[in-house]
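Engineer: Below, each chain spelled out in residue letters.
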Amino acid sequence: LAKTTQPISMDSYEGQEVNITCSHNNIATNDYITWYQQFPSQGPRFIIQGYKTKVTNEVASLFIPADRKSSTLSLPRVSLSDTAVYYCLVGDGHYSSASKIIFGSGTRLSIRP
Amino acid sequence: DSGVTQTPKHLITATGQRVTLRCSPRSGDLSVYWYQQSLDQGLQFLIQYYNGEERAKGNILERFSAQQFPDLHSELNLSSLELGDSALYFCASSVVGGAEAFFGQGTRLTVV
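Chains as they are written, first to last, in my numbering: chain A, 1 to 113; chain B, 1001 to 1112.
Some clues are possibly wrong.
To be verified - Output of the computed footprint for chain B on chain A, the stretches with three or more beta carbons under 8 Å from beta carbons of chain B:
(1) 52 to 61
(2) 97 to 110
Said to hold, decoys possible - Straight-line alpha carbon distances no greater than 35 Å define the calculated DSBU-like cross-link-like pairs of lysine-lysine that follow:
(3) B:LYS1057 x A:LYS54
(4) A:LYS100 x A:LYS52
(5) B:LYS1057 x A:LYS69
(6) B:LYS1057 x A:LYS52
(7) A:LYS100 x B:LYS1009
(8) A:LYS54 x A:LYS100
As the list claims (entries may be wrong) - Cβ-to-Cβ under 8 Å is the rule here; a few derived chain B residues that face chain A:
(9) SER1002
(10) LEU1088
(11) PHE1090
(12) VAL1096
(13) GLY1098
(14) GLU1100
(15) GLN1105
No lab work stands behind these hints: they were computed from the structure.
C-beta atoms are modelled at their ideal positions from N, C-alpha and C, and glycine is treated no differently.
All chains should be built: construct the whole structure from the sequences, respecting the hints.
Structural biologist: Encoded structure:
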């Protein structure tokens, strides 16, 4: 499994765009990149998943450069409710029967008024 | 509501005891995952089942075991409990491995 490195913590203000970058230098050809959000004492919640270039959904965008050695989660116009831990995962076994969804340390994002 | 149901929500037990945590996956999901989250360890992957069979194993102790039944619900059995086993235990499910996983609200286990 490819190891991921992301900042331990980040601070921002309401209404700002927040970009969290994750490094995964040893990503394998068939690995996908997935981001989850977790609030205290709750289970993680899927945010977005991608393989290359750019993926956008109603809550976030995921930017993946051509070499796929890093990825950036972009949260537009954050609010206080976006304060959470954000995990970057690089997984094997995409759409197969066997998969380890391995969480790293995550990035603790704090949004201030 | 993720559609994944975990019971019980809270459990307090004594050291040396055995407990069973239950997970009902989302309808149609064949893959079930178990995780342990304690304050100093983060989210630790324990084990994954797919359609009743064990498919991936993480840092699961020998005192812990799990299974997935024909109706796809899963149980995590924890025995000879120690104080250090106190944690939040999460179950997640997905259609197949690697796809978007949906997490339950967790079972908070306290060993006293």
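Engineer: For every hint, state whether the structure bears it out.
Structural biologist: Hint-by-hint comparison with the structure:
Counting residues of the segment 52 to 61 of chain A whose C-beta lies closer than 8 Å to any C-beta of chain B gives 0; at least three are required, and the coverage claim is violated. Counting residues of the segment 97 to 110 of chain A whose CB lies closer than 8 Å to any CB of chain B gives 10, which reaches the minimum of 3, so the coverage claim holds. Between the alpha carbons of LYS1057 of chain B and LYS54 of chain A the distance comes to roughly 32 Å, so the proposed pair stays at or under 35 Å and holds. A hinted pair counts as satisfied when its Cα atoms are at most 35 Å apart, and LYS100 of chain A with LYS52 of chain A qualifies at roughly 21 Å.
Annotation: proposed proximity of LYS1057 of chain B to LYS69 of chain A holds, straight-line Cα distance about 26 Å (limit 35 Å). Taken as a hint, the LYS1057 of chain B and LYS52 of chain A pair is honoured in the structure, with Cα atoms around 28 Å apart against an allowance of 35 Å. Pair hint LYS100 of chain A plus LYS1009 of chain B holds up; C-alpha atoms about 25 Å apart against a cutoff of 35 Å. The hinted pair formed by LYS54 of chain A and LYS100 of chain A meets the criterion: a straight-line CA distance of about 24 Å does not exceed 35 Å.
With a cut of 8 Å, the hint placing SER1002 of chain B at the interface with chain A holds, because the nearest CB-to-CB distance is about 7 Å. Because the beta carbon of LEU1088 of chain B sits about 7 Å from the nearest beta carbon in chain A, less than 8 Å, this interface hint is met. Here the hint on PHE1090 of chain B is kept, as its CB sits about 5 Å from the closest CB of chain A, short of 8 Å. Interface hint status for VAL1096 of chain B: upheld, as the beta-carbon distance to the closest one in chain A is roughly 5 Å, under 8 Å.
Hint status for GLY1098 of chain B: holds, given a least beta-carbon distance of 4 Å to chain A, under 8 Å. For GLU1100 of chain B, the shortest C-beta to C-beta distance to chain A is roughly 4 Å, which falls under 8 Å, so the interface hint holds. Interface hint status for GLN1105 of chain B: upheld, as the beta-carbon distance to the closest one in chain A is roughly 6 Å, under 8 Å.
This entry does not satisfy hint 1, going by the numbered hints stated previously; all others are met.
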